[in-house]
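Taken in sequence, the protein lines are chains G and R.
Under our numbering, think of the first position of the first sequence as 51, with each following residue one higher.
Under our numbering, think of the first position of the second sequence as 49, with each following residue one higher.
The hints are simulated quantities; they were obtained by calculation from the structure and are not laboratory data.
Mixed in with the good hints, there may be bad ones.
Said to hold, decoys possible - Now the in silico label distances, taken between C-beta atoms and shown as ranges:
#: 1; chain 1: G; residue 1: D188; chain 2: R; residue 2: A192; range: 19 to 27 Å
#: 2; chain 1: R; residue 1: V120; chain 2: G; residue 2: K370; range: 48 to 56 Å
#: 3; chain 1: R; residue 1: Y279; chain 2: G; residue 2: D188; range: 21 to 29 Å
#: 4; chain 1: R; residue 1: T195; chain 2: G; residue 2: G462; range: 42 to 50 Å
Stated by the list, open to error - In silico lysine-lysine, DSS-like type, Cα no more than 30 Å apart, as pairs:
#: 5; chain 1: G; residue 1: K211; chain 2: G; residue 2: K80
#: 6; chain 1: R; residue 1: K114; chain 2: G; residue 2: K431
#: 7; chain 1: G; residue 1: K468; chain 2: G; residue 2: K525
#: 8; chain 1: G; residue 1: K187; chain 2: R; residue 2: K296
#: 9; chain 1: G; residue 1: K400; chain 2: G; residue 2: K556
#: 10; chain 1: G; residue 1: K400; chain 2: R; residue 2: K175
#: 11; chain 1: R; residue 1: K182; chain 2: G; residue 2: K211
#: 12; chain 1: G; residue 1: K431; chain 2: G; residue 2: K400
#: 13; chain 1: G; residue 1: K556; chain 2: G; residue 2: K431
#: 14; chain 1: G; residue 1: K370; chain 2: R; residue 2: K114
#: 15; chain 1: R; residue 1: K182; chain 2: G; residue 2: K169
#: 16; chain 1: R; residue 1: K114; chain 2: R; residue 2: K175
#: 17; chain 1: G; residue 1: K414; chain 2: R; residue 2: K223
#: 18; chain 1: R; residue 1: K175; chain 2: G; residue 2: K187
#: 19; chain 1: R; residue 1: K175; chain 2: G; residue 2: K169
#: 20; chain 1: R; residue 1: K229; chain 2: G; residue 2: K400
#: 21; chain 1: G; residue 1: K484; chain 2: R; residue 2: K175
#: 22; chain 1: G; residue 1: K566; chain 2: G; residue 2: K414
#: 23; chain 1: G; residue 1: K167; chain 2: R; residue 2: K114
#: 24; chain 1: R; residue 1: K182; chain 2: G; residue 2: K167
#: 25; chain 1: G; residue 1: K187; chain 2: G; residue 2: K241
#: 26; chain 1: R; residue 1: K223; chain 2: G; residue 2: K468
#: 27; chain 1: G; residue 1: K211; chain 2: R; residue 2: K175
#: 28; chain 1: G; residue 1: K595; chain 2: G; residue 2: K575
#: 29; chain 1: G; residue 1: K72; chain 2: G; residue 2: K114
#: 30; chain 1: G; residue 1: K381; chain 2: G; residue 2: K540
#: 31; chain 1: G; residue 1: K80; chain 2: G; residue 2: K114
#: 32; chain 1: R; residue 1: K223; chain 2: G; residue 2: K431
#: 33; chain 1: G; residue 1: K468; chain 2: R; residue 2: K175
#: 34; chain 1: G; residue 1: K131; chain 2: R; residue 2: K175
#: 35; chain 1: R; residue 1: K114; chain 2: G; residue 2: K131
#: 36; chain 1: G; residue 1: K381; chain 2: G; residue 2: K131
For every residue, glycine included, the Cβ atom is placed at its ideal position computed from N, Cα and C.
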Amino acid sequence: MGIIEVRGLHYSYPNATSQALKGIDLTIDKGEFILLTGPSGCGKTTFCRTLNGLIPHFYNGDMKGEVTVTGFNVREHPTYKLAQHVGLIFQNPDNQIFALTVEKDVAFGLENQGVPKDKMREEISWALETTGIDHLKDRATHEMSGGQKQRLAIASILAMKPKVLVLDEPTSFLDPLGAERIFRVLDTLNKEYEMTILLIEHRVDLATQYVDRVIIFSDGQIANQGSPEEVFTDETTRLVGVGIPRVIELSDRLKSKGILLDRTPLNPTMLVEQLQDRIKRENASRKAVDPDLDLYTGEQWVNPIIEIEGVTFNYPSVDKALDDVSLTIHKGEFVAIMGENGAGKTTLVKHLNGLLRPQEGRIKIDGADIADLSVANLARKVGLVFQNPDDQLFSENVEEEISFALRNFGFGSDVIDKRVDWAVNLLDLERYRKSSPFILSGGERKRVALGSVLAWDPEIVVLDEPTIGQDYAQKERLRHFLMQLRTQGKTIVIVTHDVEFVAECKPRIVLMADGKIIADGPIKKVMTDKEAMARASVTPPEITKVFQQLSEYGLPDNVIDVGEAVDILSQVLEAST
Amino acid sequence: MSLLEGLRFTRGDSLIHRLDPRVKFLMTMVIFTSAILFMDLLPLLTIFLVQIPLIFIAEIQQEWTKSMKGSVFLATIIFSTNLISYYFFQSRSLNTENVETALALTVRFLNLITSFSLFFLTTSPDKLSLALEKARIPYEFNFAFITAIRFVPVLADEAQSIIDAQRSRGLELDKGSFLTKIRNYIPILLPLIINSIRRSLDLAEAMESRAFGATRDRTNLFELVMEGRDYAVIVISLVLLAAVIYMKLYLPPFEPLFPYRVLI
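Next comes chain R alone, as it looks inside the complex (with noise of 0.2 Å):
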C-alpha cells in the first residue's frame, strides 16, 4: 500500500505544484517515453538522477521515500525474474550484461514510479479537473471524479464507525476458517452499502438545490492560465524529447557499463 502513497496529492506551493497540470502532464510524459525507448542502464540512470533535483524542488522527498520503499518488495521481483529467465531459458549460465539489462529494467520501473510521484503528489484533484475540463471531457465525468474523492475520507470515516459497532456486537472479524472470514465482512458491507444509497439521494437532492445542470454553460472560478514558466517547461521538455529521440535513432546503442564477464 506505502506504493500508492506517491500518488496522494500532498498540500504545498513549490514551482512544480504551481505549474499548469497540462503542462506538467507533458513533463511526465516525456520522462516516462524516455524511460521506455530505452533499455540500458546507462541513459536510465540518467532519468532517474535527473528526476531527483525535481522531488526536491517539490518538496516531497519524504512521500517520494516512502513510494520508493513501498516499491522495494516490486522492485526485486523484476530484478530476479529476469534474472531467473535469461539463466533458464537463454544459455544456463548469466553474464555482466544479463545483471546490467536486469538492473536497467528495475531503474526503468522506479522511473515510472518516480515520474508518477512527481505529477499525482503536486497536483490537486482540483486542478486536475480543471485540466480535464480543458480537454473538453463532459463535465458530469469530471464532477463525478471530485465527488469520488471528496467522499474518499468521508467512507472512510464510516466504514470505521461500522467496524466499530460490530466489533462492539461481539463480531470478530479475523476469526475463523478462510470462508467464514470472508461472511463476517457481511455485517460490515451491508451497511455500507445501504448508508451509500442513501447518501446518494440525499446527495441528488442538494445537487438539485445547488441549481446542477441549470445551463450548459457553466462558468468556472478558477481557470488555467499558462504563464512564462509553463512555456519554458513546455520548450524544455519538448527539446528533451527530441534530444532522446535523435539519441536513440541516429548515435550508436551504448556500451555497457561492466566488461564482459560470465558469472556463473
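Chain G with its partners taken away, still in its complex shape (with noise of 0.2 Å):
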C-alpha cells in the first residue's frame, strides 16, 4: 500500500454548481518526487487540500470516497493531527508566516504540538540548515526576501518532520534563483531524507529535471500520468494545454523532421550529450547563422518616447534604489526590464507615471519633462497594470470597474460606453460584463485589470509581473495579445522574471541589478552576456543553455526559442547522417 492512497474521490465545494474533483484514483508510493500540473481551475488545490483533511474539516461542501496518507483516513482524523505526518506549503509566503523573528516561527508547528524544548532546539536547527537560512536564525520575519521567506515557510513545516510534503506553486513569486534553491531543498529532502513530494507547479521546465512522475489535472479528472518522458511526449498532455519542458519540446520536433534521439531529455545537458556526436564541426559552422544579423536587420528606431536621465532614488529604508539610471526607449518598441526581486524595476516603472518622482535626475514623456505633471495626468499617457488584480478591483461589475477610470479622466458617457465595449471585446470579457468581479477565476481578474488600464487607449502600455500565476494557456493568451498592441504601434514595457516567455516573445532586455542597469540590448546579445547574466540573477532559456553547450562545435551560442535551434539542428544534423 501507498504511501497516499486515493480512492474515487469527489469533491464539490459548498454552494457550487459543479465539481471541482470527479473522480481521483491515485497510488503514491513512499520516496516519489511528483509534479501535479495543469490548467487553472483544474482541481490540483483543492486535490491538496484533501490530502491534510482541511476537506472536509475546514471546507465542509460534499465528499465522497476515500483519502488516505500514511495510513490515516483523512475523514476520520482532525487536521491538526494530520499536520504531523502531511506538511502542506501554500504560494504565498507571506501567508504563512506568524512569528516576528524567524526561529520563533519554525518553533510555531511544535509548540503547538506540546514538544518538549531541547527535542525543538534541535529539529529547528535540522530544518534551518537542511533549507540554508541557519544564518538567518535571529532575523525578524517581515526583513526577508521572498525567496527566503518560502524557504523560511518549508523549513518551519519541515521542523515537525512530516513524511510527505504538498506544495501549492511555491515559487511562483520567485526569482528564477531563488526557485532554483527551492528545488535544489527539495531534492536534497527527497534524495536524502526519503521524503516523498507533491509538487504544484506550472514551471515545468525546472521541476521536470527533479521529478519521478507527473501527473496531469484537468477538469477535476487525472488526465494523464507517469514517467516525465512518457507524459509530456504524449498528445493527451498537449491537449490539456499544459506547457512542455521546452528541451522536450525540442526532442519531439526534431522526431518529426526524422531525427530521433535514443532517450528523450529532461535536461540540456542530457539533449547536448546525444546531439554532441552527430555534430560535425565543418558543417556546422557553414550552416550557422551568422549571430550578429539580427543586429543589422532588426528594426531601427528613431522617436523616443520615454527618456529617463541620471535618475536616482532612495526609499527611506532602501538606499540607491535606484542608482544614476539613464534609459531611452522609442515608439513602438517592446522592452522587458528583468533582474533579481529587488533590483529596482519596480521602482524604475512607477517613476514612468508619476507615482515616485526622481531625487536626481529627470525623466522625459514624448518629449515633455514630467516633473510638474501629477500622476492623473501622466497616466492618460501611460497605463501602468500591477502584478495583483485584488489590489485594484473594486466594483460591482466588471462594466463599472473598467469604466472607472475613463470616468475619473472625465470622458464623457457616450465615449465611456464605446470604450467598455471595445476593451470587453478585446480582452474577451464580454460574457462578464455584468458579472462581480470577484467572482471570476485569478486569469480572468487579471484580464480585468488589463482592460481597466487599456480602455482609455494609453499610448504607453507598462505591465508588472503578467506571467505570475498564469497557466501556460493563459500565457500564451498574453503573448499575443501584446503582438497585437505592438502592431497597433503602442509602446510595451515589462517587468518580468520569466526567462521562458521572453524568449518566446523576444523584446528588446534591460538587466538589472542593485538599481542600475547592467546590460541593455536585443534579446540575444543580452541572453548570451553570461556576467551580466549571472549579475542579475537571470538563468537563460533552456534552449540557450543547450546551445551555449553546443557551441563548441562552431554552433550560434545565441539560440533562443524552440523553433529556430529546430531549424539549426535540422540542417547540421541531417548533414552528419
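Quick one: dock chain against chain with the hints and give me the complex.
The following block contains the structure:
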C-alpha cells in the first residue's frame, strides 16, 4: 500500500454548481517526487486540501470516496493530527508566517504540538540547516526576501518532520534563482531523507529535471500520468493545455523532421550529450546563422518616447533603489526589464507615471519633462498594470470596473460606453460584463485589470509581472495579446523574471541589478552575456543553455527559442547522418 | 504621529532590553504611580531627571527625543489650558503658584510619555506575549496580538500597492469637497478589506497545517526566567515606591520653588 491512497474521490465546494474533483484514483509510494500540473482551475489545489484533511474538516462541501495518507483516513482524523504526517506549503509565503522572528516561526508548529524544548531546538536547527537559512535564525521575518520567506515556510513545516510534503506553487512569487534554490532543497529532502514530495507547478521546465513522476490534472480528473518522458511526449498532455518542457519539445520536433534521439532529454545536458557526436564541425560552422545578423536587420528606432536621464531614488529604508539610471525607450518598442527581486525594476516603472519622483535626474515622456505633471495627468499616456489584480478591483461588475478610470479622466458617457465595449471585446470578457469581478478566476481577474487600463487607450502600456501565477494557456494568450498591441503601435514595457516567456516574445532586454542597468540590448545579445546575466541572477532560457554547451561544435550560442533551434539543428544533423 | 514613534519597539541589547518584561512593567508602574501621586514641580522634575539616565542606558535617546518633540503640542495645550482655567475660573489673576502647578502638570504628562516609551521601546512584542502567557491570558488572545503586529508591515505594503494601482487609474485622492474626498477612499478601502478576508482564509489554512490547537499543553521555545538583575530591579523599585508613599503620607508638602508673586 502506498503512502497516499486515493479512491474514487469526488468533491464539490459548498454552494458550487459543479464538482471540483470528479473521481480521482491515485497511489503514491513512499519516497516518490511527483510533479502535479494542469491548467488553472483544474482542481490541483482542491486535491492538496484533501491530503491533510482541510477538506472535509475546514471546507465542508460534499466529499465522496476515501483518502488515506500515511495510513490515516483523512475523514477520521482532524487536520492538526494529520499535520504531523503531511506538511502543506502554500503559494504566498507571507500568509504562512506567524512569528516575528525566524526561529520562533519554525517553532510554531512544534509548540502547538507540545514538543519539549530540547527536542524542539534539535528539530529547528535541522530544519534551518536543510533549507539553508540557519544564518538568518534571529532575523525579523518581515525583513526577509521573498525567496527566504518561502524557504522559511518550508523549514517551519519540515521541523514537524512530516513524511509527505505537499507544495502548492511554492515558487510562483520568486525569481529564477530563488526558485532553483527551492528545487534543490526539495531534491535533498527527497534523496537524503526519503521524503515523499508532491509539487504543484506551472514552471515545468525546471521541475521536470527533478521529479520521478508527472501527474496531469484536467477538469477535476487525472488526464495523464507517468514518467516525465512518457507524459510530456504524449499527445493528451498537449491537448489539455499544459506547457511542455522546452528541451522535450525540441526533441519532439526534431523527431518529426526524422531526427530520432535514443532517450527523451529531461534537461539541457541530456540533450547535448546525445547531439554532440552527431554534429560535424565543418558542416556546423558552414550552416550556422551569422549571430550578429539580427543586429543589422532588426528594427530601427527614431522617436524616443521615454527618456530617463540619471535618475536616482532612495526609499527611507533602502539606499540607492535606483542609482543613476539612464534609459531611452522609443515609440513602438517592446522592452522587458529583468533582474532579481529587489533590483529596482518596479521602482523604475513607478517613475514612469509619477507615482515616484526622481530625487536626482529627470524623466521626459513624449518630449516633455514630467516633473510638474500629476499622476492623473501622466496616467493618460502611461498605463500601468500592477501584478496583483486584487489590489485594484472593487466595483460591482466588470463594466463598472473598466469605466472607473474613464470617469476619473472625465470622458463623456457615450465615449465611455464605446471604450468599455472595445476593451470588453479585446479581452474577451463579454460574458462577464455584468458579473462581479470577485467571482471570476485569477486569470480572468487579471484580464479585467488589464482591460480597465487599456480602456483609455494609453500610448505606453507598462505591465508589472504579467505572467505570475498564470498557466501555460493564459501566458500564450497574453503573448498574442501583446503582439496585437504592438501592431497597433503601442510602446510596451514589461517587468518580469519569466525567461521562457521573454524568449518567446523576443523584446529588447534591460537587465537590472542593485538599482543599476547592467545590460541593455536585443534579447540575443543580452541572454548570452554570461557575466551580466549572472550579476542580475537571471538564468538563460533552456534552449540557450543547450546551445551554449553546443557552441564548441561551431554552432551559434545565441539561440533562444525552439523554432530557431529546430531549424539550425535539422540542418547540421541531417548533414551528419 | 511622532508621539507614537516612542511606542514602537526598536531592537537593541541593552541592560534595559534584557530585563524581564514583567519586572520592567513593575518599574514602569512605579514611575507612573509616583508621577500620579505628586502635584508639585520639585518631585515631578526629579522623577523626570531620574529617567534620563535610563533612556541613555537603553540607548533609545533618538526615539525618545522624537516622541518628546511629538509631545510638544499636547504639552503646550496642557500648560496653557491650566493657566487659562486658573485665570478665568478662580481669581481673574495669575500668580507664581499657578504657573508652577501648570508646569508641574505638564512635566507629569512628559513623565508618563517617557515611562511608557521606556517600556514599549525596549520590549519586543515576542517578550510581551511571553509575559502575557505567564499572566495566564489564554493563548488565543496572545496569538491574535502577535499576528496583528506581524501583519502591520504586510498590510502597509498592500495599502501602498492599492493606492499606487488606483492612482495609476486616475484616482485623485485629495480632490473635491470634503464628502468627495471621503468617497475617493472607497476604491482603496474595498480591495483592502476584500484582500484581508481572503488572507484570513489563507492564514486559517496555514494555521491548521501547523497543528494549531493540537494540544492544550502548548510548549514554548523561549521561557521567561528571572535573573539576579531582575530581582535587583524589583527590590529597588519596591523600595522607591515605599519611599514615595512615605513621603506623600508622612512628610510635610513641598515648598514652592519660586517665591510667591502675583503676575497679572
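Hint check results:
Between G:D188 and R:A192 the Cβ separation comes to about 24 Å, which falls inside the hinted range of 19 to 27 Å. The hinted range of 48 to 56 Å is not satisfied by R:V120 and G:K370, whose Cβ atoms lie roughly 34 Å apart. Between R:Y279 and G:D188 the C-beta distance comes to about 27 Å, which sits within the given range of 21 to 29 Å. Evaluation of the 42 to 50 Å hint for R:T195 and G:G462 yields a pass: the beta carbon distance comes to about 48 Å.
Distance hint between G:K211 and G:K80 is fulfilled; the C-alpha atoms sit about 15 Å from each other, no more than 30 Å. The hinted pair formed by R:K114 and G:K431 fails the criterion: a straight-line CA distance of about 42 Å is larger than 30 Å. Restraint check: the Cα-Cα separation between G:K468 and G:K525 comes to about 28 Å, which is no more than 30 Å; the hinted pair holds. With a C-alpha separation of about 50 Å, the suggested pair G:K187 and R:K296 falls outside the 30 Å cut-off, and the hint is violated.
Taking the CA atoms of G:K400 and G:K556, the gap is near 23 Å; set against the 30 Å cutoff, the hint holds. In summary, the hint linking G:K400 to R:K175 is not supported, as the alpha carbons are separated by about 39 Å, beyond the 30 Å threshold. As the CA atoms of R:K182 and G:K211 are separated by approximately 29 Å, the hinted pair is consistent with the 30 Å bound. Between G:K431 and G:K400 the alpha-carbon distance is near 14 Å, which keeps this suggested pair within the 30 Å criterion.
Restraint check: the Cα-Cα separation between G:K556 and G:K431 comes to about 24 Å, which is no more than 30 Å; the hinted pair holds. Between G:K370 and R:K114, the direct Cα distance comes to roughly 26 Å. Compliance with the 30 Å bound is thereby established for this hinted pair. Simply put, R:K182 and G:K169 have alpha-carbon atoms about 22 Å apart, close enough for the 30 Å limit, and the pair holds. For the proposed pair R:K114 and R:K175, the alpha carbon gap of about 24 Å is at most 30 Å, so the pair holds.
Restraint check: the Cα-Cα separation between G:K414 and R:K223 comes to about 26 Å, which is no more than 30 Å; the hinted pair holds. Between R:K175 and G:K187 the CA atoms are separated by roughly 17 Å; this keeps the pair inside 30 Å, and the hint holds. Between the alpha carbons of R:K175 and G:K169 the distance comes to roughly 22 Å, so the proposed pair stays at or under 30 Å and holds. Restraint check for R:K229 and G:K400: the C-alpha separation of about 24 Å stays at or below 30 Å, so the hint holds.
Using a Cα cut-off of 30 Å, the hinted pair G:K484 and R:K175 is violated, with the two alpha carbons roughly 51 Å apart. For the given pair, G:K566 sits about 19 Å from G:K414 by alpha-carbon distance, which is consistent with the 30 Å threshold. Taking the CA atoms of G:K167 and R:K114, the gap is about 40 Å. The hint is violated against a cut of 30 Å. Pair hint R:K182 plus G:K167 holds up; C-alpha atoms about 17 Å apart against a cutoff of 30 Å.
Straight-line distance between C-alpha atoms of G:K187 and G:K241 comes to about 25 Å, which keeps the hinted pair within the 30 Å bound. The hinted pair formed by R:K223 and G:K468 meets the criterion: a straight-line CA distance of about 27 Å does not exceed 30 Å. Straight-line distance between C-alpha atoms of G:K211 and R:K175 comes to about 27 Å, which keeps the hinted pair within the 30 Å bound. Between G:K595 and G:K575 the CA atoms are separated by roughly 14 Å; this keeps the pair inside 30 Å, and the hint holds.
The straight-line distance between the Cα atoms of G:K72 and G:K114 is roughly 10 Å, inside the 30 Å bound, and the hint therefore holds. Using a Cα cut-off of 30 Å, the hinted pair G:K381 and G:K540 holds, with the two alpha carbons roughly 7 Å apart. Among the hinted pairs, G:K80 with G:K114 is consistent with the structure: their alpha-carbon atoms are about 25 Å apart, no more than 30 Å. Of the supplied pair hints, the one linking R:K223 and G:K431 holds, its CA atoms being roughly 21 Å apart against a limit of 30 Å.
For the hint pairing G:K468 with R:K175, the CA-to-CA distance comes to about 60 Å; that exceeds 30 Å, so the pair is violated. Note on G:K131 and R:K175: the hinted pairing holds, with a Cα-Cα distance of about 29 Å set against a maximum of 30 Å. For the hint linking R:K114 to G:K131, the alpha-carbon distance of about 49 Å lies beyond 30 Å, and the restraint is violated. Distance hint between G:K381 and G:K131 is unfulfilled; the C-alpha atoms sit about 60 Å from each other, more than 30 Å.
Violated hints, listed in ascending order, are 2, 6, 8, 10, 21, 23, 33, 35, 36; each of the other numbered hints is respected by the structure.
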